[in-house]
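> These are the residues of each chain, in order.
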Amino acid sequence: MSVPTRLEVVEKVRKDKKGVAAVFPIHYPRELFRAFGIHPIEVWGPPKVDTSPAMAHLQSYICSVVQSGLSFYLSGALDVADIILVPHCCDSLQGLGSILKGFVKKDRPVFTLYIPRGKRREDIEFLKEELKRLYENIAGFAGFKPTKDDLFDAVIKEEDADKLTLQAYEVHRKFKTSSSEFYRLIRLREYLPLVEFEKLVNEFIQKKYKPSGSVGVVFSGVLPEPMDVFSLVEESGGVVIDDDFASLRRRIYPLGESDDPFERMAQRILNAPPDAMKGSSFKDRENFLLDIVRNSSSKGVVFYNVKFCEPEKFYHPILKDSLKSANIRSIVVEVDINEPLPQQVKTRIRAFIETLKRG
Amino acid sequence: MSVAQSLNYHIKFKLFGSRIVKWQANRAYKNFKEPKNWRSDILASPLKIGVKTKELITKHYLEGRYVNGVKPVAWVTSGAPVEILKALGFYILYPENHAALCGARRATLDISSEAENRGYSVDICSYARTDIGTMLSGKTPVGKLPKPDILLACTNICQTVLFWYRVLAKHYNVPLIVIDTPFLYDNAEPHQVEYVKNQLENSIETAERAAKKSLDFAKLKNVVKLSKEAAALWLEIMERGKNVPAPISVFDQFIHMALVVEKRGDAETVDFYANMLAEIDERIEKGIGAVVNEKKRLLWDNLPIWHKLRFLSEFLAERGVSVVASTYTNAWGELAPMIDVNNPIESLAKTYIHPILNRSAEYKLKVMERMIDEYKLDGAILHSDRSCKPYSMGQVDQRNRLVTQASKPALLLEADHSDPRSYADEQVKNRLNAFLEMLGV
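Top line first, the protein sequences correspond to chains W and G. Position 207 of the first sequence, counting from 1, maps to 206 under numbering that gives the first Met the number 0, and the rest follow consecutively. Position 162 of the second sequence, counting from 1, maps to 161 under numbering that gives the first Met the number 0, and the rest follow consecutively.
Which bits of chain G does chain W cover? Going by a derived footprint, with three or more residues having C-beta under 8 Å, they are:
no. : region
1   : 119–128
2   : 155–163
3   : 168–182
4   : 195–201
5   : 357–363
6   : 391–404
In short, the hints are calculated from the structure, not lab data. Quick caveat, the model's predicted, so the values are computed rather than measured. Glycine included, C-beta positions come from ideal geometry on N, C-alpha and C.
Could you put together the complete structure from these sequences and hints?
If you want it as structure tokens, here you go:
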């Protein structure tokens, strides 16, 4: 699969005289930016960058996603963006937003978006207002306001992409395709224009596959970095058959119901799969995880956790218990997105797959 | 309420327990003596009101032992809008205060290991680990904690409380009220305050169900009034620190703030702080400083290091350094003017969205700069608290700005509010010594 890099995409967007938004994790409506003709590019770390610039601003106990993101910003790599968006999803990303807005200012706006920790009526109402605030902020930059129809159209296109992504997951589950290739494809949504992403996903869906005999395992966590883990699982005779990653599965938003585009965007985010970063209940997370494990006939779950990610860590003991009650094995491993996979983690994952193969 | 529970409560707490504690406190107050090994060569005598602090906190935890079945019980986060629950007659327990108490009594390690053995990572906040440890094992230095009938978590201090309280809610199988307060990068916008107000209004029904009674708005107004009075007095007390020498240090404040956190909304808390203020004014009249030979005055940022309060207080006082103001203790008083007794729900929404912990790092720097100026401070110690990311993130820049823009020496001191494993005596001494040298001490 030959795909453009993030930088190539940015160059192309620039050539087309469109704006670029650099978006930090996790939840936000892509459609809102697209309605303005602004191309959102997500900043998940990135992994393996020199984090020394961030060390001048952050303590060592802050997670590597934030360390990398800030380093990337300070290094000038995000200077290609016209707008920075920092959605609020945890104390560390909250702190990152605060530092970007207060201490390392550059000549481009940093917008924030508070994602409420619930899905009550008042949460949806509030998020709707937050999205309107973001809309006004972007309009201030863009110099125009998309109409309600423009917004609605963008929402529908994004909903179609979500449906298509779910179809790809289905194909992957059915044929146990290569997890390295599958997840590389799905992660392209972090920066590819929608049409290009959908073209590649359609190609994936239409391909003919032979079912593989690999043992299926589900991964849960914030993001699949280092990505080498997929090859490791495959070399051990397994396949990551589905996931509960905040960057992936938890961001396949369901269809909204409202005719109001802001409300519909809010519904989509808050009614999406449960997420630690949205403060979801244990019950919701247990049910979702058990559902994807059962639907994918997986044999086990790997909690692939970024060191110092406190929200995820609170859920592990209880989720592990629920899985155990359902006779599903699980392990928790810890990684730093800037480090290669530690030997100890490799050994544990290999041993875990072996155990699953034996049934 | 069962007859046995009621009898137990009335006999063991009302009739005997609370009276014995009061009698002991009155005797201790009358025959007030400095504690053994008190360093009176470097520190002023402890405030006499401390006897009362101990009495009120002891009585509070003692009541907790017998209160189940007699009053509805709520566990709440420290910055939660507690006034509605107070007006409904709930006995209120603050797990963070309990965890701080465990830290001060050096019980954290033993209790939090119960949570760690159960799979809760050491990277999780040590307050949360301590309380989950108590939940799982029953271990606590206060004898016994009452079981909650309801939980109230407000995100205005951190997101951690949300997960922590979900663990509690699952274990105790009780309703959890979440009051989500959007983080303020800038000034609060109307829709943000409206959101908190809507949640407060909607929480009333759940709270009434757990209390088995309806909310009396006249009572609510009275509780709000008492909260405001206590917070205003607390602010006045802290502002007495502007006096040179400062009559109380932040180490005193860390102890005496327990009531404005744990018992705000009670009439006796207002009386307590009025008496405390009078005692402090008496000190000022007599020219007594908290540190005998006050040479330098500092600001403390972030939570205390509970297990090292005495050590730090003496180490600094020995060198003539008085830590007179703190962004942390200030947070419990600075919002008093926002509370409008005649408009309780809306003003609670406004007040509880504004704590320093729910505001940007840049705003916090402004508060520090203002305090340094108003309290005539020579520098600042910023406790980089491993367990409190929202308070600690931004401190590296805040420290640098204090040094470069305000020309004030500032030290970033890495530790943890209650886990001793993140603290090294020698390293702290070295860092403090180097810092004090810069101050010219």
